[in-house]
Structure formats: structure tokens, C-alpha cells
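Undergrad: Position chain R against the provided structure of chain W, taking the given hints into account.
If you read the protein sequences in the order shown, they are chains W and R. Just so you know, we're using this note's numbering here: the first sequence kicks off at 1 and counts up by one. Just so you know, we're using this note's numbering here: the second sequence kicks off at 1 and counts up by one.
It is worth saying that the hints were derived from the structure and are not from the lab. Glycine included, every Cβ here is placed at the ideal spot set by N, Cα and C. Keep in mind that a hint or two might mislead.
Selected chain R positions facing chain W (in silico; Cβ < 10 Å) [said to hold, decoys possible]:
{"#": "1", "residue": "K25"}
{"#": "2", "residue": "S37"}
{"#": "3", "residue": "G50"}
{"#": "4", "residue": "V58"}
{"#": "5", "residue": "G66"}
{"#": "6", "residue": "F92"}
{"#": "7", "residue": "G101"}
{"#": "8", "residue": "S105"}
{"#": "9", "residue": "V113"}
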Amino acid sequence: MTLRLADVKIGTEVPARAFRITRGDLVRYAGASGDFNLIHWNERVAHEVGLPDVIAHGMYTMALAVQVVTDWAGDPGAVLNYSVRMSRPVVVPDDEVGATLEIAGLVAAINEDGTVRVDLTATCAGVSVLARPQVTLRLRSA
Amino acid sequence: MSSVNPELVGREWPLPTTYLVGREKVREFAAAIGERSPACHDPAAARGFGYPDVVAPVTFPVVITGPELDRLLADPAINVPLHRVLHGEQRFEYSRPIVAGDELSVVSRLTAVRSMAGNDFLTIAAEMSDAEGAHVVTATAVIVLRPEVGE
Chain W
1 MTLRLADVKI GTEVPARAFR ITRGDLVRYA GASGDFNLIH WNERVAHEVG LPDVIAHGMY
61 TMALAVQVVT DWAGDPGAVL NYSVRMSRPV VVPDDEVGAT LEIAGLVAAI NEDGTVRVDL
121 TATCAGVSVL ARPQVTLRLR SA
Chain R
1 MSSVNPELVG REWPLPTTYL VGREKVREFA AAIGERSPAC HDPAAARGFG YPDVVAPVTF
61 PVVITGPELD RLLADPAINV PLHRVLHGEQ RFEYSRPIVA GDELSVVSRL TAVRSMAGND
121 FLTIAAEMSD AEGAHVVTAT AVIVLRPEVG E
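For reference, chain W alone in the conformation it holds in the complex (with noise of 0.2 Å):
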């Protein structure tokens, strides 16, 4: 079902959703973006650099967190803008618990050209991991 504009107001919350991340999801999504960086999954190597433990992409996180919207909107191409700062790494441990992202978000304007700005808030332990994630996506008007 695609959401329509008419559908949505300043405040219309998104349905929440949690993730749960864990170090298979992380070789996975190592293979598929080919971003092979060694704290991504390996531990001795996190530890080194000063990390306690292997942590998951930035860029994994953020393809998760915007899902909330897509899904929601039902259509992955309707986002024009998305942008977030990394505030937190996710430490993701070695066993089959993993760690679990809870994404919430809510319509915070409607611009004049129909265009729809969702905020997102992106938390890993009670504790911010993404600063400000914002989405701007188009809703199909009828």
C-alpha cells in the first residue's frame, strides 16, 4: 500500500521499528557494499584502534534506519534527501543476541512543493547513534 500525501500531517508519528544487528549481518553487508574496513569485524584489530569491540558500519546503520520511512511510504525510490552525522558506534558483540537499534520517527514539515521531511531518531542501548537523520521523500498526491 503506497501512502498519499493527504494521508500525513506535521506529527504523524512512523511506525517505530527495532533492529537487531548481528556479526553475520555485518560480514554480510561487508560483502554486498564491499566496504571490507577490518573494525567491521574483526575484534583484534577493533581493539587496537581503541574500539571495545567490533563495530557495524555507519553506512550499514544508516541503510536500516531508512527503512522505517520507505516502508512506511511504501516505495523505496521515494526519498529525495537523506542525511545524518554519525554520532555513535554501534558495538555489535560475537554472540547470537547481537546489538538491537530502535528507530523511531515523525513527520516534522511539509514543505510547500509536497515534499515531506521525516526526523528520525537512531539508538543503540538507550544511547544516540545517529545525529539528526532527516529523510525528505515525495508522496504520491493521489
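TA: Just chain R, lined up with the frame of chain W:
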């Protein structure tokens, strides 16, 4: 004093060949991020959404910009060791979604060099356009260079 010469701002690193967006690469990337929309996997479903072929997820341009960034940082003019690099910010600005079959020309441009609190910040904007020369997306990264120990 920045370890990267600010006079390099404006320099361009064009991708030597075009990047042909493959349907299976789009599917592979979508699967890796858990994106299950049929528009990213099934060409018939994508056509139902009004797209000519499967749609690449929003952050798909990193498949292209990741290796390009490594190439730029290794350029003798920049010469930044990768262990000093942190990804600070990322932005995507689309004119239209990327779809399988797109043949993208890519130009990466160093657009800013700043120094703040002992860290250097490089802004690199990768502009992607299609075979007709129309803008598709600009992917902009802010890269943080941490100081070398003892610097």
C-alpha cells in the same frame, strides 16, 4: 594547520569508466540490508511502481563511493592513511531513484577542508549522472581525519 592542503578544494576525481547498475547487485545489496520491498527485487513489481527495473535502496551509492573514496584518499596529493579516517556525516540528494540498467558517470569532488579541535574534516561530494547526462544523485561524505599519535 590542516594535514590536507586547502588549495586542493575543487579538485575532481572522475570514475574512469561508467558504473553499470546491475539487477543482481541491487538485489544483493537490498538483501544485505533486509530491504524486502518487491520494487527492489522483482522487475515486474518495480514496473508496477512506475520504475523501468528494480530500484536501488537509498544508500546504494556507497557501493560506488566507497572504493572511490579509498582511491581519492590514496592519491599522493591527499595521502591520508585509512586508519586515521572516520566517516562523520553522509548525505544523499536525489533527482530520481537509481534503477537497474542505469549507466552512471561519477565525479567525486573535494568541496571543503576544515580543521577543528585537532581533527581535519574533508567534504567529498560524488555526483552521479545517467547516460543522458541528467543528474541522478549526489552522495556527500564528511570524513574526519584523526591526528596521528604524537602529532
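Undergrad: Evaluate each hint against the coordinates.
TA: Okay, the hints, checked on the actual structure:
With its C-beta approaching chain W no nearer than about 8 Å, K25/R sits inside the 10 Å limit, and its interface hint holds. For S37/R, the shortest C-beta to C-beta distance to chain W is roughly 5 Å, which falls under 10 Å, so the interface hint holds. With 10 Å as the threshold, the beta carbon of G50/R comes within range of chain W, its nearest partner Cβ sitting at about 8 Å, so the hint holds. Hint status for V58/R: holds, given a least beta-carbon distance of 5 Å to chain W, under 10 Å.
Given the 10 Å rule on beta carbons, the hint for G66/R holds: about 5 Å separates it from the nearest Cβ of chain W. Because the smallest distance between the Cβ of F92/R and any Cβ of chain W comes to about 5 Å, under 10 Å, the interface hint for this residue holds. A least Cβ separation of about 14 Å between G101/R and chain W goes past the 10 Å threshold, and the interface hint is therefore violated. Residue-level restraint check for S105/R is violated (minimum Cβ-Cβ distance to chain W is 19 Å; threshold 10 Å).
Residue-level restraint check for V113/R is violated (minimum Cβ-Cβ distance to chain W is 18 Å; threshold 10 Å).
The structure shown violates the earlier hints numbered 7, 8 and 9.
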